[in-house]
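**Student:** Start from the sequences and build out the full structure, keeping to the hints where you can.
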Amino acid sequence: MTYLPDPPAIVFDVGTSTTRAGFATSPSPQAILATAAVPLPAKALTPWDDMERLTGDTALRACAGLGCEPAWALERGVVADWSVQEAVWSDCYTRCLKTDSSQHAVLLSAPSQGAPEAREAAAEILFETFDVPALAVADSALLTLYYAWGKTTENLSPSSPRSRRPTSLTGLVLDCGEARSCVVPVVDGRVLAEGTRVSTLGGAALSLRCASLLAAGRAGPPPAGLAAMARRVKESACYVAGRGDKKGLGEAVVEGIDLW
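Counting in numbering that gives the first Met the number 0, the sequence shown runs from 0 upward without gaps.
A few of these clues could be false.
[Claimed, not checked] When the alpha-carbon atoms are kept at most 35 Å apart in a straight line, the in silico DSBU-like pairs for lysine-lysine are as follows:
#1 97 - 233
#2 150 - 97
#3 233 - 150
[Stated by the list, open to error] FRET-style restraints, in silico, Cβ to Cβ:
#4 102 - 227: 36 to 46 Å
#5 23 - 193: 41 to 51 Å
#6 22 - 211: 18 to 28 Å
#7 135 - 240: 12 to 22 Å
#8 94 - 62: 42 to 52 Å
#9 62 - 198: 43 to 53 Å
#10 94 - 132: 15 to 25 Å
#11 234 - 133: 32 to 42 Å
#12 150 - 67: 40 to 50 Å
No wet-lab data here; the hints were simulated from the structure.
The beta-carbon is built from N, C-alpha and C at its ideal position, and this holds for glycine as well.
**Tutor:** Structure (structure tokens):
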């Protein structure tokens with residue numbers, strides 16, 4: 000009798016800004032898209048007329064032409080619109096991964112200190128809407144540490160002393176996302192909830208700060224794409240200042256930039 004291997008599981012890492020998805024057998028995600036959607040008006044003359052809504056980066060690009068704002072699934076790291084989240088997952092399966100959801104188990108990352116109700120709602124959608132055969136929900140801090148542990152052991156040569164090899168899943172995870180930043184201690188594979196610290200400052204706060212610096216002292220209304228400009232400036236010019244760096248954030252980031 001010939002036994003066929005089971006289809007690989009699919010990993011979903013859902014964030015406030017982006018969703019990453021891919022097969023567990025691949026070293027990197029096959030899909031990275033915005034966790035957003037935009038409904039199409041009834042008479043929208045676009046190439047997507049047969050769709051009820053656009054999702055991901057396609058939704059962001061279409062917003063300018065349609066004159067509307069995208070709806071984001073998450074707010075401050077918490078799912079606020081499950082219909083958007085469902086649409087993003089559907090896009091991942093059909094357009095990005097091009098596979099049947101009922102054929103793949105799912106590993107879903109969940110934020111540390113996330114509400115149990117959110118995990119239950121996600122499980123309900125994945126089982127009832129996408130008919131997944133199995134689901135595992137894991138703390139994102141644990142998954143991050145597992146990855147770091149694997150990369151560490153992979154890079155050690157066989158001749159490396161045993162003292163350099165990790166013997167247990169223990170470490171401190173620093174996670175800086177779009178909506179929040181957190182520090183999560185893990186000891187022997189267990190997250191220490193009492194030692195976890197969460198801040199509401201994240202990438203979005205830095206983008207807003209960059210936007211205010213870009214607009215400061217300039218005449219006339221800011222351009223419509225200021226938010227996108229600020230994000231590009233943040234990603235290309237921002238850095239962590241050293242102790243001897245006396246230049247302020249405003250001088251360091253917006254020096255020499257002329258937008259309007």
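**Student:** Now tell me, hint by hint, if it's right for this structure.
**Tutor:** The hints, checked one at a time:
1. 97 - 233: holds (33 Å)
2. 150 - 97: holds (29 Å)
3. 233 - 150: holds (29 Å)
4. 102 - 227: 36 to 46 Å: Cβ of residue 102 to Cβ of residue 227: about 37 Å, so the range 36 to 46 Å holds.
5. 23 - 193: 41 to 51 Å: violated (31 Å)
6. 22 - 211: 18 to 28 Å: violated (41 Å)
7. 135 - 240: 12 to 22 Å: violated (40 Å)
8. 94 - 62: 42 to 52 Å: Between residue 94 and residue 62, where Cβ atoms are some 18 Å apart, the hint is violated.
9. 62 - 198: 43 to 53 Å: Taking Cβ atoms as reference, residue 62 and residue 198 lie about 29 Å apart, which means the hint is violated.
10. 94 - 132: 15 to 25 Å: Roughly 22 Å apart at Cβ, these two residues keep to the hinted range, so it holds.
11. 234 - 133: 32 to 42 Å: Distance hint for residue 234, residue 133 holds at roughly 37 Å.
12. 150 - 67: 40 to 50 Å: Hint holds: Cβ distance 42 Å, inside 40 to 50 Å.
In the structure shown, a violation is registered for the earlier hints numbered 5, 6, 7, 8 and 9, in ascending order.
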